[in-house]
Structures are given as structure tokens and as C-alpha cells.
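J.: Keeping their order, the protein sequence lines are chains A and B.
If you're matching positions, the first sequence starts at 1 in this note's numbering and goes up one per residue.
If you're matching positions, the second sequence starts at 1 in this note's numbering and goes up one per residue.
Below, a list of computed lysine-lysine pairs in the PhoX-like style, where the Cα atoms sit at most 20 Å apart:
| # | chain 1 | residue 1 | chain 2 | residue 2 |
| --- | --- | --- | --- | --- |
| 1 | A | 25 | B | 76 |
| 2 | B | 274 | B | 121 |
| 3 | A | 36 | A | 25 |
| 4 | B | 251 | B | 274 |
| 5 | B | 76 | A | 36 |
| 6 | B | 251 | B | 119 |
Please keep in mind that the hints were generated in silico from the structure rather than gathered at the bench.
The lines below spell out each chain.
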Amino acid sequence: MRRRVILVISVLLLLTGVVFIAAGKALGQDNAVLGKAIFICMECIGIG
Amino acid sequence: MGKGIRQKFAGHIRLLVQVFFACITNGFAEGFATGSIYQGAFKRICVPGLNCYSCPGALGSCPLGSLQNSIAGRGKPFPFYVLGFLTVFGIVLGRAVCGFLCPFGLIQELLNKIPFPLKRKALPGDIYFRFVKYVILALFVVILPVFAVNAYGISAPWFCKYICPAGTLEGGLPLVLTDSGIRSSVGILFFIKLAILAAVLIFAVVVYRPFCRYFCPLGAIYGLFNKIALIRMTTDQGKCISCGKCEDACKMGVDPRTNPNSAECIRCGECIRKCPCKAISVERLYSRPSQQ
Chain A
1 MRRRVILVIS VLLLLTGVVF IAAGKALGQD NAVLGKAIFI CMECIGIG
Chain B
1 MGKGIRQKFA GHIRLLVQVF FACITNGFAE GFATGSIYQG AFKRICVPGL NCYSCPGALG
61 SCPLGSLQNS IAGRGKPFPF YVLGFLTVFG IVLGRAVCGF LCPFGLIQEL LNKIPFPLKR
121 KALPGDIYFR FVKYVILALF VVILPVFAVN AYGISAPWFC KYICPAGTLE GGLPLVLTDS
181 GIRSSVGILF FIKLAILAAV LIFAVVVYRP FCRYFCPLGA IYGLFNKIAL IRMTTDQGKC
241 ISCGKCEDAC KMGVDPRTNP NSAECIRCGE CIRKCPCKAI SVERLYSRPS QQ
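Next up, chain B with everything else stripped away, as it sits in the complex:
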């Protein structure tokens, strides 16, 4: 196979994996037709990406929704089970989950392929906006579900309820369209969430993965693992000629020369493909370091 063909093929492997995984995790096709959701035993397993368990096709559980429901309310036990899944996914893959296994990330990527004259590499104030996802993680995923309880000690999954555009797209819209009972229950909250979803999808045409970059608490969790995950990147400073092609190629705004394991890196591999000196590679932690 020629070098050009091989490189082109490598660029499409990630897309194939993303589509395959989105289909596998939403494989309950019957649900889309009947407006019902899968109720089998697979739902006790958390999937790695942001995939609403109320999506008619969902075969597994969203780790973020499960985490909130595990801690929401008074007197809940420590959520060993869900944190275990998040730790295993995070330590093995880091944010490669975002790059390869998240259906909502795939949707944003596909939207970004739509030609648009005012495309931006990042929003103004990008480096500050990146911290918003950590604030959302702390506030809407942990603090409010744990402490904002009513008189009966019951709380809500605040992120799912007030923000999550994946839930609106994958769960809300299909169920509202197919189930008349749910359709009759639609209120102002649904339209607020619909507006959030519309904003995210429109922004996704202009900026690459805006929700993943600025707002996704699941990406924030996996980003914390990026520096110690088993799948890591390394830049060989001896080979690097500082041409900047890797930084130009990175759609997440990372400079792989100085920070190849940035919490923002989703392991898309674009920098590896664009590097003319093959200075960037996936680091194999289990191999002996090369003698230089």
C-alpha cells in the first residue's frame, strides 16, 4: 500500500471506529420505531461516552447520568460502581474516549465538516472558556445533586436536567416525536434544553467540537487522566524541527510539541499524521526507553 493511500486510510479509521461504536451503543433499533427504550441487562453497564440512557436505541447507561443518580439525594452510599467505570475508561483511554467512542462528539465532528465561510479555530477567550467544563463538573454533576435536596431528601441529576444537549438530541427528540404521552408533557424546560442543543449544534458548524472543548463534564473527567493514561503521546524533541505543523493541524488547540498529553487532547492523531519528521508518536509505557 502506498504511503499516500495509507495516510488517507489512517485518517478514516477513527471515523469508522466512531460510527461503529455509535451504532453498537445505540443498537436497539426497535426503540426508534416504537418510542420505547431498551430494558435489558446490558443497561447495568456504563458506556464510555456521553450517550443518554433514555435514547431509544441505547443499550448501556450514560456514566454521567448514572453518577448523578448515584449521588443525588440524602444518604446515598459512595458510588463505587460508576466511579469504577470512569476510572477504568479514564486510565486506559483518557480522552481517546472523546475522540473515538463518544456519539455526541461524532455528531459535532460531522457538523463541522459542513462548509461555512466564518469557521473559527477557537472562540475568543478560548483558554478561559476551557475551564467552564470543570465548573460544570463540580457544580452541576457533584455539588448540586448532592446538596440541593428537597424536604424529602430527594435531588435531581442537575446536568442532565438543565444542560445536557446529548440527552435532548438522543433521548428527548426521538421520544417526543414518537410518543404522544411524552409529547403532551412537554413544557418550558424542554424548549430551554432544545435552545441549548440548537446553540451547540450551530456552534459545531463554526468551531470544532464546542461542547467537548468548553462544556462537557465527562471530557473534563477523562482529561484529568490524560497525563497518566495508558494511551499517551510523546514528542521526540531530538527529531522535532519546530515547524508548527502539528499545532496547526490540532483542532482542539493543543501544541503537541510542548504538551502532547494536554487535558484537551482527544487523541485524534492528526498531529502524528501531519508531522514531517515523525517526532510525535503514541508512547508505549510498557516498553524499554530507547537509548539516545
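Bound conformation, chain A alone:
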């Protein structure tokens, strides 16, 4: 029973994650990630 409950929770969270990625992509958040990541992040390297 415990394993089944954990499995249901896991699958629901997995679906939530996939839906979040799809929603983020639909909202253009992937472009925001790309837009930041293609430039050298001065904060990340300890200069900004």
C-alpha cells in the first residue's frame, strides 16, 4: 500500500514537472534561459 501511494505521488510529480516544462516553453521561458546562458555570466565567474 505504501509503495503504491509513493508511486502515485511520484507519477503525479513527474507529470507536473513535464507540464511545467511545457508551460514554461509556451510562455517563452526557455528563451529567457537561453538568453542568459549564451552570454558570459559575470556574477557566476566572480567578476560582476
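We have chain A; now place chain B onto it with these hints.
T.: Chain B only, in chain A's frame:
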């Protein structure tokens, strides 16, 4: 294949996976030579481990850096995209990400293989220090980037800016060494971060994965998923003879007999290999429970 050879081979599989994944996620070799970073479309995808997207070789984005940049500043939308990646990685793998897919974890593990007479299994106050990573997660990854905004509503990725030693090692050092423009911009912050990196790397020789254990907010996130992740461990209490070999073998300070899915477990599998009774195993959630 003999049992001894099979066990030895199994012990090296994780190292091979770690090296392979570190090479794959940092596969833009040209960047190291030219002091530039990859700017292609793969950068919109988050990698599972702590891997700075300003590393000259990085092909994907660091989920922690992306999360901070998605929420830093006033009026930012809910970060569906990055949280989606963190949820998928977390629910499928949990902290197996730390054990198998994190390049910075691999570096610390390799450093811990250096012989040193004063090696420690844990720092004094280990159980209290473990909570520091949750404080860093809450404060430097969420609260400060969201609320510490300037007059223009702009904030900073506080963890990346003030703490992250992976960024200094993978991004800062190679770029400072290869790009004269960046080298001329180096200031006090860079040297503070360099000191943090040096401390982590020196500690890694003494203690197993000190950054993962005590400070890594990404490990804290994945640790929250460990109890419900699809990759889980189980201890068969009927087979366990409480010899304690699993606890002795665990370098992360977990007792697999009582808490096989501890938030600290990075799924290295050392306890499975050391158990003389085969009482510890990877739990298959999709299979029918055995009749006992």
C-alpha cells in the same frame, strides 16, 4: 565473470558514468582554447548537475543559475520552465544526480582519493552542518534574489555571485586565464570566491564531498525528492543481520539499515556492494511486493 571481478567492475561503473557525463555536458572543447562559451540552442536545456553555464565547455544551463535568474528581480513570472526540469530530475533520480551526473561532485570525489593522513569521515557537528545547505537554498537562491532588488527592480543571482565554487572553477578560472579582457576586470569578489573554492577543494581531500554534504543547494533540492523518487533503496529487515558494514561503507554518513532513502544518500551503491546478506537493494516501485 567471477564474483570478485564483477564487484570490482560494478564499483567502477559509477566513475565511468560520472566522467562520461562530465565530458558530455562540457563537450564544447573549442571554448577552452578560445576563451569563449557555447552559444547554441542546447543552452536552453538545463543539465541535472551543478555545471556553470559560463564554463567554456558547457553545452547546457545550470539549473540553479537558471532558477536564480528566472526569479531575480521585481515582477518576474513564476519560473515554470526551470522548476519543471528540477522536478523531473528530482522525481526520477533524486540525489542519484549528485552521485552520477554532477561534475563538481566528481571533482570532489577524485580529490578525496588523494592519500592524506588526517582524513575524516565527517566534520565535527556534521548533523548540524548538513542543514546549512537548506539555509543557503532558502536565503541565497530564493529570498535574496527575489527580495533584495535595487531601485530599478533588478536583483542578482546571489548564490552564483557570492558562493558558487563550481562557477569559479569551471567558468571563472578558465575564462580569466584565457581572456585578457576578463582578466583585467578581476576584483576583490573574484579573490573571495577563489578563497571559497580553495577551501572546498582542500576540505575535499580531508572529508568526502564536503560541498555536497554541507553547502550545495542543488543537492538540498534533490534530497527533498529522495524519499519519493523513482530510484529508491530498500533494506530487507528480514535479511539484515545489523553487522553495520553498510553504515561503515557509507561516505555520506547515512545508516542504510534505518534510513535507506535519507536526503543525504547520493545512491553511490557502496552499501549494496558491502552488505554480506544482500539485504539492501534498489527498490522497484512498479513491481508487485514479494510475499513474505
